[in-house]
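K.L.:
What follows is the residue order along each chain.
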Amino acid sequence: MRRLPEPLVVAFVVVTLLGATTWLARREASANQAAFDEAARSGQVPPAPPAISGATLTIQERL
Amino acid sequence: MLAWIVVFLALADATSAALRLKYVQEVEWPTDLFAEANLDRPAPLDVAIVGSSRAHYGLAPTAIDACLGEKLGRPTHTASANRLAASLYAADLVARDLFSGENAPKVLVVEVAPESLNANHFELDYNVGASADIREIPDCVAAAVTGPPTLAACARPITRGVENIAFLLHRPLTDHRHITWMALFQGGGQYCYGSPDCEARNADYDARHAGRWQTRVDRVLPKVKSERFRDYTVESGLPSAHFVALLDRARADGTTVEVVNLPVSATYNAEVPPEAYAAYLAWVKPTAETHGARFLDLNLPEWQARALYVDPDHLNHTGARQLSERLCAEVVDALH
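Heads up: the protein sequence lines correspond to chains A and B, in order.
Under the working numbering, the final residue of the first sequence carries the number 63; numbering is consecutive throughout.
Under the working numbering, the final residue of the second sequence carries the number 336; numbering is consecutive throughout.
Careful: at least some of the hints might be erroneous.
Cβ-to-Cβ under 10 Å is the rule here; a few derived chain B residues that face chain A [what the hints assert, rightly or not]:
1. 32
2. 141
3. 143
4. 183
5. 226
Stretch-level coverage of chain B by chain A, calculated; a stretch enters the list once three of its residues show a Cβ under 8 Å from a Cβ in chain A [stated by the list, open to error]:
6. 39-53
7. 169-181
8. 197-211
Just so you know, the hints here were simulated from the structure itself, not pulled from any lab data.
Everything numeric in this text was worked out from a predicted model, so none of it was measured.
Don't be surprised by glycine CBs; every beta carbon is placed ideally from N, CA and C.
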């Protein structure tokens, strides 16, 4: 008879995954907010990163 | 095992909602809605724009703000949040999530098009999958009984939390910085104005996409009638129901709504079945006005010249500037 995963192992995996997600999301949101606030304060917009080629051909067909 | 799966899906969904991950999308274009969704603005937006890629190209927040600022004698703030192939179903949910309640703007610009109100919208499954929450499932299932979307699309919100987490974890591997920059510093929208750098980027973009007109003439126009106007029905279905819901919510928020029938080129207009277009106009204008919104029809001959377009139904930077200034003239009275 197959045993289900140990609840502790499952909980560890889930918590790690959701924790990493939370950290990444908050890091990005905080960085965006800081950049936005600085631009509003200084009146200066940072230089734009290089643009990628834009929508792929497949996506262009779905516009 | 099933219990674990349910618990995991529920936790993922709750985490996704708490972190506002809903709009981390698998398509890093046209707008970084994740950046917009998580942004704390110091004051309510003057103008918010929702719609599809047509609004993304045709309405430039920096041009609108430059125009409004000059007319009002104060700085204004416009943001644009658009989704790939959005019907009014998706536009309503974006407006609800980003631009309602305490985040309600003074003016909400809603892009409409005959395709976007078709009950049998050609990308309704995608719209549902990308924008719906679990609370949308009952209505979705009811609609799926007789037509689009499919039941599979209706079920997607159940797994959306896990999907969003996967998209977020993939994000460091994608080069989305310029999309994020556009959301943060030019209010979303494809084109920006007001600096030499912006003008150079606009010109560069249009130059790099010079072939797109012909590509869409070859690959998209032949199927406009069959794909986008298949079983054309307005007045019923999810898109029109959500259009009305959007109008009513905005009115309850005290927001002035400007419903805009954006222009497309004469080449594209030739593919739109006249009877479908007539049915659309006969419904959308009185419906907008009945629900307290203003209606602006810009799909007029003066906006349909080839020179204004990067492809048959998306404006280029020249067309976007002109259209944005036209919109500015239309909404400025609501901002005094």
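K.L.:
Now tell me, hint by hint, if it's right for this structure.
P.N.:
Hint-by-hint comparison with the structure:
no.: 1; hint: 32; in the structure: holds, 9 Å
no.: 2; hint: 141; in the structure: violated, 25 Å
no.: 3; hint: 143; in the structure: violated, 21 Å
no.: 4; hint: 183; in the structure: holds, 8 Å
no.: 5; hint: 226; in the structure: violated, 14 Å
no.: 6; hint: 39-53; in the structure: holds (count 5)
no.: 7; hint: 169-181; in the structure: holds (count 8)
no.: 8; hint: 197-211; in the structure: holds (count 6)
The structure does not agree with the numbered hints 2, 3 and 5 stated previously, though it agrees with the rest.
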